[in-house]
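K.L.:
Residue strings, one per chain:
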Amino acid sequence: MIRWFLRGVSRSRVTTCYPRGEEPPPSGFRARALLNPDALDDRDAATLAAACLPGALAVNGGGNLRLDGSRCIACGLCVDGSRHGAVRMDPGYELATRSRERLVVGEASPEVEMAPSTLAGPFRRSLHIRHVDTGSDGAVEQEIAALLNPYYDLHRLGLFFTATPRHADVLLVTGPVTRPMEEPLRRTYEGMPEPRVVVAAGTDACSGSIWTAPEVLGGVDRVLPVDVYIPGDPPSPIGLLHGLLLAAGRVPEAPAPRAKRAASNEGAAA
Amino acid sequence: MIVSAERTVDAGALASELEHLGGRLMMLFVAGGLGDHRQLRAIVRSGDDVIMVRAPLHGNVYPAVTPRVPAAHWFEREIHDLFAIVPAGHPRLEPLVRHPADEGEVKLPEEEDVRLEHRGAERLAGPGVFVIPYGPVRSGVFEASQFLVQTGGEDVAYCAQRLFFKRRGAERRICEVPLGQAVLVAERVSGTSSVAHALAFSHAVESLAQTEVPPRAQAIRRILAELERLYNHLEATVRECEDASLAVGQAQFAVLKERLHRLAGATIGNRYLRGAVVPGGTRIDLDTGAVDLIGSTLAGWEREWRRVLSILLRTDSFLDRLVSTGPLSEQDARDFGCVGPVARGSGVDVDTRRDLPYDGYPDFKAAGHSEGDAMARMEVRFQEVDASLELIREAVGSLAPGPIRIATGPFTRDTALGASESARGETLYWLEAGGERSVRSCKLRAASFVNFGVFNRVFDSQVLTDFSFIEHSLGLSPAGCDA
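Residue numbers (my numbering), protein chains in the order written: chain A, 92 to 361; chain B, 7 to 489.
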């Protein structure tokens with residue numbers, strides 16, 4: 092045991108300073124696709140939409156590209172097929188949002204009214220998390236487990252995993268909700284005391300992603316009211332941290348991608 | 007071309023044919039459309055050959071293979087669930103892949119729908135015997151799977167597993183989507199074995215189109231496949247340390263694992279190496295910067311790994327929990343067709359990288375152990391970490407300039423089998439061409455599908471507190487098994 096002790100104390104600190112400081116992603120990291128504002132009327136719109144497996148890229152009523160970030164698996168096939176640079180890959184980590192509509196770019200939708208957070212008050216200090224897998228590919232679970240490693244060290248932020256839904260504040264759901272998991276998911280939710288928060292982690296959980304009926308229901312919000320969406324395939328540990336802190340009302344929501352666009356560009360402008 | 011011989015027998019004679027062939031049953035499934043064209047297909051590894059046995063079906067009943075070839079037990083239950091074909095004489099023909107929730111929603115391919123009889127797991131009865139239902143929502147962060155541990159208090163009398171909560175219909179999805187996107191589905195069958203699944207699928211497509219992958223792409227594929235093996239083996243080590251309450255060990259191995267994911271994110275753009283392997287080569291090239299990063303990261307990584315591992319192997323509290331825990335006999339491993347570290351830990355020498363060579367893997371000696379306990383399976387993984395580091399160095403050295411991808415031409419074969427060795431073992435994709443550029447049917451078999459089949463056997467005379475040690479030493483992926 093003394094060897095482990097010496098080993099432990101002799102190592103330098105690796106823990107991220109997030110969320111107090113920045114944790115920049117590697118430049119080539121593919122977190123999500125983004126539409127270039129001036130290329131929304133890409134001549135290849137239909138081709139790009141056809142090349143998108145989960146249906147994140149589509150052609151909207153006006154013949155322009157529409158990007159649903161809750162479906163994007165960041166595979167990059169659209170970038171390969173985009174001759175006019177309509178789509179690019181973005182390395183950002185902080186993708187979580189409290190409304191699925193905010194993940195959609197390129198459609199003239201009314202600004203979503205955000206309900207005041209019911210979570211910020213009771214949960215500011217500490218959160219207990221109950222995880223449920225409803226048909227994920229297995230990688231999201233490992234990214235969630237990675238939050239406990241010294242790089243991310245979830246406990247320093249007062250976040251803990253709990254074995255029973257009775258002690259949980261947050262229900263962290265991964266996977267597109269397969270039919271056999273619908274009932275266990277509901278029962279776990281019903282076992283939680285109020286107030287409670289549902290977090291959909293990963294593109295599968297946000298929208299069903301590449302999976303279609305009949306085996307899956309397609310996204311956690313088909314079964315439960317979802318409070319926070321964390322897109323990503325799988326979401327990175329920092330992305331998960333951001334989503335959990337957002338659920339606790341401890342960090343602000345990252346600006347929606349369309350907010351970066353020039354205000355003069357009509358249509359999808361916020 | 008992996009399948010070296012084909013033969014056709016009557017469905018009634020399939021069991022005796024498979025018993026006569028001996029060897030390892032790799033797959034057993036139904037192909038050939040509906041009605042009278044349906045046939046059973048068995049793929050068997052016998053000696054150095056891979057033999058495909060076709061058995062045309064007449065009607066909905068055939069004599070079960072399982073009584074003679076135990077490895078067929080889950081395959082036949084799956085066939086019964088999905089095609090309403092009855093393997094007569096199967097010892098335990100209850101639903102495997104279909105849940106009560108699926109009834110009426112997930113249709114069988116036949117027009118007729120059958121109501122399956124859900125009898126529940128086998129139950130022991132007696133004074134003091136009780137059942138601990140564990141899952142599908144388990145304590146901690148785990149994938150959905152259920153275990154019914156039947157115990158009198160300490161000894162595990164019987165452990166029944168219930169899987170397929172996560173069935174997402176990957177095989178059907180692969181056939182539905184355009185060929186260029188199907189590899190994305192394969193990558194997401196088992197998210198921690200994305201490269202292995204993408205490779206097995208790509209090998210099948212390349213075999214259908216008779217395409218040769220350029221040497222540079224082969225080297226990149228080997229680098230990615232071995233990186234993936236490294237972080238999966240580290241995951242098993244982290245989990246075992248966690249079970250042994252070895253907090254510092256858990257943290258140290260988790261740091262090593264995290265570094266590999268960061269390396270993957272920085273070079274490929276995805277922490278699980280997705281989006282790189284495609285039929286015909288790779289989509290992403292490793293430039294000089296990426297190659298240097300891999301070399302320098304792994305050099306430091308290897309030093310750290312050796313130091314921490316040497317402490318682990320001298321920690322009695324860890325060794326005590328793994329040695330002689332969850333033994334799997336060589337006979338069971340052979341009978342049930344186990345693959346990967348589970349088989350190699352029990353003295354069964356199977357490794358797809360050597361047995362069915364692909365992507366220019368050099369000749370190498372597969373890791374092996376004969377004890378068959380949890381420690382043996384972990385030691386196989388420890389040896390494989392060293393082998394993987396060596397293979398990556400070799401592949402980096404052989405990265406010659408050249409193309410990384412060539413277009414796969416129209417399909418010139420009707421069917422093909424693709425294989426790769428994931429960290430969990432042999433991964434198989436069987437594809438049937440439906441045209442020059444489309445796939446009509448797909449059957450995939452992840453390593454976990456066969457390895458889960460021995461789960462209850464390794465609990466023979468084990469105690470309750472060993473559960474997680476045994477589970478993590480098997481290193482199973484419910485997502486891959488359920489597909």
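Hints are supplied without guarantee of correctness; some may be wrong.
[What the hints assert, rightly or not] Now the stretches of chain A that chain B is said to cover, found in silico as 3 or more residues with beta-carbon under 8 Å: (1) 96-110; (2) 117-125; (3) 164-176; (4) 230-239; (5) 302-315.
Don't read these hints as lab results, they were simulated from the structure. Note that CB positions come from ideal geometry on N, CA and C, so glycine has one too.
K.L.:
Would you say the stretch 302-315 of chain A counts as covered by chain B, given the rule of at least 3 residues with C-beta under 8 Å?
P.N.:
holds (count 5)
K.L.:
Okay, the stretch 96-110 of chain A and chain B, do three or more residues pass the C-beta test at under 8 Å?
P.N.:
holds (count 5)
K.L.:
Tell me whether the statement that chain B covers the stretch 117-125 of chain A is true, taking a Cβ distance below 8 Å and needing three residues at minimum.
P.N.:
holds (count 4)
K.L.:
For the stretch 230-239 of chain A, do at least 3 residues have a Cβ located nearer than 8 Å to some Cβ of chain B?
P.N.:
Since three or more residues must qualify, the claim that chain B covers the stretch 230-239 of chain A holds, with 9 doing so at under 8 Å.
K.L.:
At a Cβ distance under 8 Å, does chain B reach at least three residues of the stretch 164-176 of chain A?
P.N.:
holds (count 6)
Hint check: no violations occur; every hint is consistent with the structure.
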